[in-house]
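Colleague: Listed below, chain by chain, are the residues.
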Amino acid sequence: MKILTSWLRSYLPGLAVTDRQLADDLTLRGIAVDGVFDLGANGSLFEMDITTNRVDAMNHYGIAREAATIYGLKLKPLETSLPAPKPGPAFPVRIEDPALCGRFTARVLRGINVQPSTEIIAERFRLLEQKLISNAVDATNYIVLAMGHPTHAFDLDKIEGALIIRRAHKGERLKTLDEIDRVLDPEDLIVADEKKPLALAGVMGGWDSRITAETKNVLVEAAWFDPVSIRRSSKRHLLHTDASHRFERGADFNAPPVASALVSQLLLESGGHQVGDFVDVMISEAEKHTAKRSSIGFAVSEARRILGATEDPEGITAATAETILTGLGCELEPRGNETYQVTLPSWRLDLEREIDLIEEVARVYGYNRFRNTLPAFTGSVIELPWAAKESAVRTALLAMGWTEAISSTFCAAADAALFAPQPNSAVAMGNPLSEEAGMLRPSLLPGMVAMLTLNLNRDVEDAALFEAGTVFSGSPEKVDERPALAIGATGRALGEKPTDFYDLKGTIEALLAKFASRSLYFDNLLLPAWLHPGRGARAVLDGSTVAYFGQLHPAEAERRKLKQPVFVGEIYLDRTYRQPLRQPLARDLSRYQAVRRDFSLLFPDPTPYATIEDAMRNLDISDLRAFAPKEILREAKSISAGHFSLLLGTVFQSQERTLREEELQEFSQRIISAMEAIGGKLRTS
Amino acid sequence: MCLDGQSSFILKKNMPEDAIPHLSGYEEAELDQAFASVSHEVEASAGALATPEAVESFRLYWLGRKQGRLKAISDAWLKSAPPEARKPLGQRFNKLKAEIEQRLEAASGASQATVLDSEAIDITLPGTRRQPGAEHPLIKTLNEIVGIFQRMGYSVGVGPEVETDYYNFESLNFPPGHPARDTQDTLVIARQDRKPLRDRLLMRTHTSPVQIRTMEQQPPPVRIVIPGKVHRNDAADATHSPIFHQVEGLCVDTGITFSDLKGTLDHAMKELFGSSVKTRFFPSFFPFTEPSADVQISCPFCGGAGCRKCKHSGWIELLGCGMVDPSVFGFVAQKQPAYDPKKISGFAFGMGVDRIAMMKYGITDISLMYSGDLRFLEQFA
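Residue numbers (the numbering used here), protein chains in the order written: chain G, 1 to 685; chain A, 686 to 1066.
Note that these hints are calculated values from the structure, not bench results. For glycine and all other residues, C-beta sits at the position ideal for the given N, C-alpha and C. Hints should not be assumed to be uniformly reliable.
[Said to hold, decoys possible] For each label pair, taking beta carbons as the anchor points, the in silico distance ranges come out as:
| id | chain 1 | residue 1 | chain 2 | residue 2 | range |
| --- | --- | --- | --- | --- | --- |
| 1 | A | Ala1018 | G | Ala610 | 55 to 65 Å |
| 2 | G | Ser640 | A | Ser1052 | 53 to 63 Å |
| 3 | A | Gln816 | G | Ile672 | 40 to 50 Å |
| 4 | G | Asp157 | A | Gly999 | 54 to 64 Å |
| 5 | A | Glu786 | G | Lys637 | 52 to 62 Å |
| 6 | A | Glu1063 | G | Ile133 | 13 to 23 Å |
| 7 | A | Asp1050 | G | Lys195 | 52 to 62 Å |
| 8 | G | Pro89 | A | His925 | 49 to 59 Å |
| 9 | G | Leu633 | A | His925 | 50 to 60 Å |
| 10 | G | Glu79 | A | Thr939 | 49 to 59 Å |
| 11 | A | Asp867 | G | Lys76 | 27 to 37 Å |
| 12 | A | Gln1019 | G | Ala610 | 51 to 61 Å |
Using the sequences and the hints, build the whole thing.
Modeller: Quick look at the structure:
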């Protein structure tokens, strides 16, 4: 909204501060001036940003009232006198829906001349870059800018019979001023005559009863409509107008007669006269919850309790509060002990409770005049149960070279179907951002694959990303949220050689090693469809599936035109977090020498390493400190077809003494026998 | 040990094997003359000790325990020496040995330097980095903000991203049909029309519902900081994303005041942006706080002088906050009667993490933060 300071000052003859100072002072009191534009001799133009609750300040007079309160000035009253009307019948007005229309006024002006606006209106519209139409139309717009209340002028000769304010009938139509033929909804409040709808009440007038160059006689409407009804009509017809903006935020119930008089003054400047008495139909129920709403109590002590310490040691005094509230239009009736009964101004429907008055006091007093204090606290800090786990996982991933990323919360239906851990568990959006974002993500993998794809498409060939986030499942009735983790890598992001299955497995092993568990194993039973069937695995921690990972299925990679293999995995953090973090426990270091022995073995394919590992563990040699595969060879000259060689490294060490050669011989023999039992044999080089 | 050809040649040429120099007598002058000649021989043979191999040959030739020339000479000369000449002879042999050792030391130092020289590398080549992954600037900023409030005694609170209309709007004093709802265009879950409005599911538009959920669970006092992802049905541009992050805070107790709110946020902003940062508060409007305020900080980039980042105003708007509206306590009190607005009071605040991260790190396009583009993310390693 734009404000001309020259116009504003016309209501505040005593205002001495500069425009710039005025802008600062208003802004600090919540009437935000976003921009100040110098208009030379015409003062300044303020670009305002008024919060939705302050519809009373969306006009020149309202802002002048704020300035008057800030500077303790007297505000010039609005001049509303009109010549006495010529005798005539009162125009018949019927409010049929008193819940939606609280007040309706009508004034008949005859013999007016529709012509271009001149002088002050033309000048101010020019400065505000507001389009001039004709004196009759401009008058209503001008008064909205002046004091905020929307009015409407009908061509009186187009009205057939009485004015009726009612809900539309089903199927009724109205061509509005924007020349759109609208089908009305039975929930729409309209202004009609006895034959037809004339206007969408409080939103927009009708085309057929508009003011034209030929108009001679006018009916000026100024009314008060129910905010919720106006808002619904405005939304229903996608028709947000200056009038609806104000009515839906709660207009001043006492303003219609004032606005009507001001508009009429302007119209009569070019000739004509009022005929018949001013018609003012008021619904007392509506008045009771607006202009005549109950007074409320206000205690200075309560203001102090909420607001606290000021820089000025005196703090908020009764005198300060009285001055501020009176300046804003409240009437204060002292009730002793610095308490008051306060009658609220009709234009401030946002004031309803004591706290609203406390805010007004703080606002006008100036927020920055309050001290910066820190509160004492009697409670205790409650640790989030999984905060440490989350942090352990994140730190480990970063340290292992994975970069943190965030992807969309939504995914395409096809991706949801492919990656969802349970079939048909993904939840659809009602108003998706796009077709590609139609579902709440049931998995982090759609986002992860999309991010890897994006990088490959931009020639970033080495990428290792992780995302920790929420995944969703359920139905429109109930949506479950679970924490999950996705990892995804391609190229040489994690070392010298291209990322493979084992990089992901190693990462998952390292992450799971952060948690206390009795067992962890990997298998490839029932792999999801997105995984390469031969290069995917499931991790099972204490009997619970905690992750699936491996190479993205080549068909999927092909479909996404990925130029190199990508490896992805999802870890179900809700399950992982069920385990406590592992508490490291120090073990006494052996003082005796460790002995390394390597076994060169030959196995027939397929002998999974897990079988070898199990056989080694089942030996239960307590002095076997560690063993690991050091080298696996296939298809070498010395290896017969269908076999592979394994160099198995072992470390023996006792806690109690130096191991003797004959003990080591015995251990070796047992290992060789165990390997033979599962089909292996020692290679004789 | 392997001798290279050239060194061997020099050694052989200058040191004929087994020729014990002649000693004419045991008088001082005769001794001096004989030792000077051996000394010359040492000097001559030490001429080209450039490599470790040559040095070792020299050592073996002169000082070798069994075949060493010094031993051979001393054995020969001492054998025939009269007893009174043994002492001067011994002294001279010790001196000669010291001389040889000195030459050896000098030569081996020089030859080691030569070797180390040959091992020199180009230290201007780039280092071999073990590159850890990069923290996401948004999460990093979020953690920083949360950490500040944790140090002030706040617990971390979290809540669902899919909320009901009741928690996201109604209980925060956004009545049905209220224009304030327009400011937060909402993404809704499919097929909600048949439910009562309050039960309809939507993507939370702010982290504020967690305030209500926390208070319902826990009587006052409460001090929580709530980080989280939120969604709005906004068109994306360089500074707007339908997905973004907020950090929200709530402090409720007896005697919590607006000046406490000011002090808390002033402290937090100083910790986040440096102690020279100033804050100022403007009246604002949020349905769930009253009084409500917007907070600006003096521009941490130009110190308030005016620059591009603060649009030449010297100030940057960062936070929304206010005293918890009594009607919010009213909604909570339905489940937790201890929230009696006549007895307790509290403040709440919220900030957009994306904007703060963008400002801190000079990010000009918000969508980069949700792209996973490594060219962008790598910069934060």
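Colleague: Would you mind marking each hint as holding or not holding in the structure?
Modeller: Evaluation of the provided hints:
1. A:Ala1018 / G:Ala610: 55 to 65 Å: At 59 Å between Cβs, range holds.
2. G:Ser640 / A:Ser1052: 53 to 63 Å: holds, 58 Å
3. A:Gln816 / G:Ile672: 40 to 50 Å: holds, 43 Å
4. G:Asp157 / A:Gly999: 54 to 64 Å: holds, 59 Å
5. A:Glu786 / G:Lys637: 52 to 62 Å: holds, 57 Å
6. A:Glu1063 / G:Ile133: 13 to 23 Å: Given a distance of about 58 Å, which is not inside 13 to 23 Å, the answer is violated.
7. A:Asp1050 / G:Lys195: 52 to 62 Å: holds, 58 Å
8. G:Pro89 / A:His925: 49 to 59 Å: holds, 57 Å
9. G:Leu633 / A:His925: 50 to 60 Å: holds, 58 Å
10. G:Glu79 / A:Thr939: 49 to 59 Å: With Cβ atoms ~52 Å apart, the hint holds.
11. A:Asp867 / G:Lys76: 27 to 37 Å: holds, 34 Å
12. A:Gln1019 / G:Ala610: 51 to 61 Å: holds, 57 Å
Comparing the model with each numbered hint stated earlier shows that hint 6 is the single one that does not hold.
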